[in-house]
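Chemist: Letter by letter, the chains look like this.
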Amino acid sequence: MSRIDWRSHPTPDSIAALRARYPVERSVDITLTSKLERRSSGPGPKVDIANIGERLRAFLQRRVKGDIAIHKLAPLTGGASKEQFAFELDWTCEGQRRVGERMVLRREPSESVVETNRAREFQLIRTAGEIGVPVPQTYWLDETGEELGRPSIVYGFVDGVQKPSAGASKTTGVGICFDAAQRAVIGPQFIDILAKIHTMQPQAHDLSAFDIPRVGTTQDIDWQLNWWSRVWQEDLLEQVPLMTLAEQWLRAHRKPLDHLSLVHADYRTGNYLFDEHSLKITAMLDWELGYFGDRHADLAWLLMPAFETVAEDGSRLSSSLFARDEFLAAYEKASGLPVDLDRLRYYTVFVFWRGALMTLGSAPRAAHGAKSHQDVILGWFAGLGYNLLESLRRSLEQAMR
Amino acid sequence: MQPGIDLRLRTMMKALADVVMPSIDPGNRMAQEQAAVILGSMQMLIEQIDYAHWYEVVDLKSLVHLAADLERVPGLSLPVEVGAAHETASALAGRWDVTLTELRRASAELREAICGAVEVAATQGRQEIQNAVQRLVLDQSREQLGRERAYVAGTKWDGFPESLQTIEASLQGSRNGVT
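Heads up: the sequence lines are chains C and G, in that order.
Letter 49 of the first sequence, counting from 1, is numbered 49 in my numbering, and no numbers are missing.
Each number in my numbering comes from the position in the second sequence (counting from 1) with 1000 added on.
Just chain C, with the same shape it has in the complex:
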């Protein structure tokens, strides 16, 4: 077997070597190790709605007192990361009969563009709700997948749209356009919610799936660099010298954490729902990548050119909502936290590197192994991947001047 083939058939020794080389948070380690241990098992199973329905019924029956009935179980589109199914549930909650309550089952495919941990996602959504961020109501977690076939969470369905009904966008919700009146209402909410997330205190919440880094150290960014370097080395189909160079640069230029924040890690337009009439944001979604660390990672991500659209006057709108400087000033005011432009530049390199390794490493790896329900979409991500890689090259050129 050549040196490159080992990624398709990882051995206990190769897995142990990766774990030793890249120390990460405990729950991240469990998730990545599990991915490698099942990689050789062949293609991911086809989505079998009847089987999922049977499992879901048994899963819920073990957690809910009284009769239950599941109706209208059907796959949801949107996103290429996790399998999602909508259903209606008749059940009794705290003595009250609820009929036709809409819920979502979110389940891991065998592999996908990102391999993440359901307990982390469940805890973050619940915590976000506790601090006043609009999120779905969390109900149940199958952390190991023993009952639902794959690790899964069940949460409430939230009404709302991802984009104006008259508009278009690309897969994953990139390229959503708002008019000026919509931006004026949605924009301030987008900033206020981000400020709440970045200023929350983890001590008061059950976040047992997370390791919390210490302020004044580089523990947070070390864990992040190790997490994503490990993912790249586990998943890549071909090495990219620029990616290696970027990792070296990121390791050489990291800074101690100045303020501990909850980092959403995919905070952008396309990852929230809003009510099309009131324009109120009804839910922030996609918490699976969240961690505790430097807020500038979220700022750099949502300011990324790939998420820009063009305003009526031809100017660029970050995350389809703001001029860049307008956003940074409003964020500082809402959060009370300073924006350090050096850190922002550093995290700009980081998010391009992380985005490129997901789209050019993990996405084609999952498609290569026929692991996901969205393999054809994962293959399409190459276009985004090379856009991110070009952005990474340009940001590194600037940073190295």
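Please note that a few of the clues may not be correct.
[Stated by the list, open to error] Pair ranges (Cβ atoms, derived):
(1) V215(C) x P1074(G): 56 to 66 angstroms
(2) G1125(G) x R63(C): 49 to 59 angstroms
(3) E1087(G) x H368(C): 22 to 32 angstroms
(4) G1027(G) x A184(C): 46 to 56 angstroms
(5) Q1165(G) x A184(C): 38 to 48 angstroms
(6) G1027(G) x A17(C): 21 to 31 angstroms
(7) A370(C) x Q1032(G): 14 to 24 angstroms
Simulated from the structure, these hints should not be mistaken for laboratory data.
From the three backbone atoms N, C-alpha and C, an ideal C-beta is built for every residue, glycine too.
Following the hints, position chain G against chain C.
Modeler: Showing chain G alone in chain C's frame:
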């Protein structure tokens, strides 16, 4: 030989667009989205197919040049894998009677070796060596990304229209493009 690959692709696209896609359940948005991406992917294959061999040869030659440049950096001790992969790739890049798979395998081996060399440069500590390696990798990446972005431009994801080339222009513009 007829029908050629491009004609077969076009007939498949016509069937997909005219017959299969209108038959998909309008309520099944995932199926609709995947069908649209399949159609777009087939269009991109038509755009790529004429250049597939040319592309892989230029890609490999570009990596061969980078390996040679790294070998000339004063004071840089390269892993032995670089020399071996460089030699294999050089021999293959000069031939026409090779499959795309062979070219890609040689490219993958050379990429692995080059990335090992970049890591070595970072750990050897001397700043002038690191600077030289950084410059070489960034220069090669600019050219490489010009080709890669052109190759997948059909996805409409590219964010740098001022520097986006056609596939042919990106191959001709490469310093290794003339075979």
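Chemist: Which of the listed hints are not met by the structure?
Modeler: Hint check: 1, 4, 6 fail, others pass.
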